[in-house]
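For my numbering, count along the sequence shown from 1 and bump the result up by 932.
Don't take every hint at face value.
Below, computed lysine to aspartate or glutamate pairings styled on DMTMM-like, alpha-carbon distance capped at 25 Å [stated by the list, open to error]:
#, residue 1, residue 2
1, K1013, E1023
2, K1039, E1005
3, K994, E1020
4, K1031, D1042
By construction, these hints were calculated from the structure, which means they are not laboratory data.
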Amino acid sequence: MRLLFCVALVVIAVAFADAQDFSDKRRDFETGKSDFMGKREEINLNSEVLCGVCTELMLYAKAYAHQSQSELEHTLDGLCKSLFEKHETEELMCETIVKEEMPTIIKYIDTELSPDGICRILDLCA
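Make a model of the complete structure from these sequences and hints.
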(Lines of atoms letter the chains of each structure in order from A and count residues from 1; the text may use other names and numbers.)
(Lines give C-alpha, C1' and ligand atoms only; values in the text may rest on other atoms or scores of the structure.)
Protein backbone atom coordinates (compact mmCIF):
# COMPACT_ATOMS: atom_id res chain seq x y z
CA MET A 1 0.00 0.00 0.00
CA ARG A 2 2.84 2.39 0.83
CA LEU A 3 4.45 1.67 -2.53
CA LEU A 4 1.22 2.50 -4.34
CA PHE A 5 0.90 5.72 -2.33
CA CYS A 6 4.52 6.73 -3.17
CA VAL A 7 4.02 6.01 -6.87
CA ALA A 8 0.84 8.10 -6.85
CA LEU A 9 2.69 11.01 -5.21
CA VAL A 10 5.48 10.84 -7.81
CA VAL A 11 2.95 10.82 -10.68
CA ILE A 12 1.13 13.82 -9.20
CA ALA A 13 4.40 15.70 -8.67
CA VAL A 14 5.55 15.08 -12.26
CA ALA A 15 2.16 16.10 -13.65
CA PHE A 16 2.19 19.30 -11.58
CA ALA A 17 5.74 20.18 -12.69
CA ASP A 18 4.85 19.65 -16.36
CA ALA A 19 1.70 21.76 -16.00
CA GLN A 20 3.69 24.57 -14.36
CA ASP A 21 6.33 24.48 -17.12
CA PHE A 22 3.62 24.59 -19.80
CA SER A 23 1.96 27.55 -18.06
CA ASP A 24 5.26 29.49 -18.02
CA LYS A 25 5.89 28.81 -21.72
CA ARG A 26 2.34 29.83 -22.64
CA ARG A 27 2.67 33.09 -20.68
CA ASP A 28 6.00 33.85 -22.38
CA PHE A 29 4.47 33.19 -25.81
CA GLU A 30 1.43 35.39 -25.12
CA THR A 31 3.58 38.26 -23.89
CA GLY A 32 6.05 37.91 -26.78
CA LYS A 33 8.96 36.81 -24.59
CA SER A 34 9.76 33.57 -26.41
CA ASP A 35 12.81 33.35 -28.66
CA PHE A 36 10.63 32.26 -31.57
CA MET A 37 8.56 35.43 -31.49
CA GLY A 38 11.65 37.62 -31.51
CA LYS A 39 13.16 35.76 -34.43
CA ARG A 40 9.90 35.94 -36.39
CA GLU A 41 9.74 39.71 -35.91
CA GLU A 42 13.41 40.00 -36.92
CA ILE A 43 12.79 37.90 -40.05
CA ASN A 44 9.77 40.02 -41.00
CA LEU A 45 11.77 43.21 -40.49
CA ASN A 46 14.67 41.90 -42.58
CA SER A 47 12.24 40.82 -45.32
CA GLU A 48 10.75 44.30 -45.43
CA VAL A 49 14.20 45.90 -45.53
CA LEU A 50 15.35 43.49 -48.25
CA CYS A 51 12.26 44.27 -50.33
CA GLY A 52 12.88 48.01 -49.92
CA VAL A 53 16.53 47.67 -50.92
CA CYS A 54 15.60 45.60 -53.96
CA THR A 55 12.86 47.99 -55.06
CA GLU A 56 15.18 50.99 -54.78
CA LEU A 57 17.88 49.13 -56.69
CA MET A 58 15.47 48.09 -59.48
CA LEU A 59 14.29 51.68 -59.84
CA TYR A 60 17.86 52.66 -60.70
CA ALA A 61 18.43 49.51 -62.77
CA LYS A 62 15.49 50.45 -65.00
CA ALA A 63 16.93 53.96 -65.43
CA TYR A 64 20.26 52.48 -66.56
CA ALA A 65 18.77 49.64 -68.64
CA HIS A 66 20.57 50.91 -71.76
CA GLN A 67 23.98 49.93 -70.32
CA SER A 68 25.73 46.65 -71.03
CA GLN A 69 25.56 43.98 -68.34
CA SER A 70 29.08 44.70 -67.07
CA GLU A 71 28.49 48.47 -67.09
CA LEU A 72 25.17 48.04 -65.30
CA GLU A 73 26.72 45.74 -62.71
CA HIS A 74 29.45 48.32 -62.05
CA THR A 75 26.90 51.17 -61.88
CA LEU A 76 24.58 49.30 -59.50
CA ASP A 77 27.46 48.23 -57.29
CA GLY A 78 28.51 51.88 -57.00
CA LEU A 79 24.92 52.86 -56.23
CA CYS A 80 24.79 50.29 -53.43
CA LYS A 81 27.80 51.97 -51.86
CA SER A 82 26.44 55.50 -52.21
CA LEU A 83 22.75 54.84 -51.45
CA PHE A 84 23.38 52.78 -48.33
CA GLU A 85 26.71 54.29 -47.28
CA LYS A 86 25.76 54.59 -43.62
CA HIS A 87 23.72 51.38 -43.48
CA GLU A 88 26.07 48.41 -43.66
CA THR A 89 23.38 45.71 -43.68
CA GLU A 90 21.41 47.32 -46.49
CA GLU A 91 24.60 47.93 -48.48
CA LEU A 92 25.52 44.26 -48.17
CA MET A 93 22.00 43.21 -49.19
CA CYS A 94 22.21 45.51 -52.21
CA GLU A 95 25.62 44.23 -53.29
CA THR A 96 24.45 40.63 -52.91
CA ILE A 97 21.41 41.27 -55.11
CA VAL A 98 23.65 42.78 -57.80
CA LYS A 99 26.15 39.94 -57.63
CA GLU A 100 23.71 37.03 -57.48
CA GLU A 101 20.73 38.24 -59.52
CA MET A 102 22.30 40.16 -62.42
CA PRO A 103 21.12 37.78 -65.20
CA THR A 104 17.52 38.00 -63.95
CA ILE A 105 17.79 41.76 -63.47
CA ILE A 106 18.98 42.14 -67.07
CA LYS A 107 16.12 39.95 -68.27
CA TYR A 108 13.39 42.07 -66.66
CA ILE A 109 14.58 45.69 -66.36
CA ASP A 110 13.65 46.54 -69.94
CA THR A 111 10.07 45.25 -69.57
CA GLU A 112 6.84 46.79 -68.33
CA LEU A 113 7.38 45.23 -64.89
CA SER A 114 7.60 47.68 -62.01
CA PRO A 115 10.66 47.63 -59.72
CA ASP A 116 8.48 45.91 -57.10
CA GLY A 117 7.34 43.36 -59.69
CA ILE A 118 10.93 42.48 -60.55
CA CYS A 119 11.69 42.05 -56.85
CA ARG A 120 8.71 39.71 -56.51
CA ILE A 121 10.08 37.61 -59.38
CA LEU A 122 13.41 37.53 -57.53
CA ASP A 123 11.49 36.37 -54.41
CA LEU A 124 12.74 39.40 -52.50
CA CYS A 125 9.30 40.95 -51.99
CA ALA A 126 6.03 39.34 -50.96
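Keeping to a limit of 25 Å between CA atoms, is the pair of K1039 and E1005 held or broken? 13 Å, holds
Could you grab the alpha-carbon distance between K1013 and E1023 and see if it respects the 25 Å cut-off? Holds, at roughly 6 Å.
Agreement of K1031 and D1042 with the hint, judged by alpha carbon distance not exceeding 25 Å: 19 Å, holds
Given hint E1020 paired with K994 - CA-CA distance at most 25 Å: 24 Å, holds
In summary, this structure violates none of the numbered hints.
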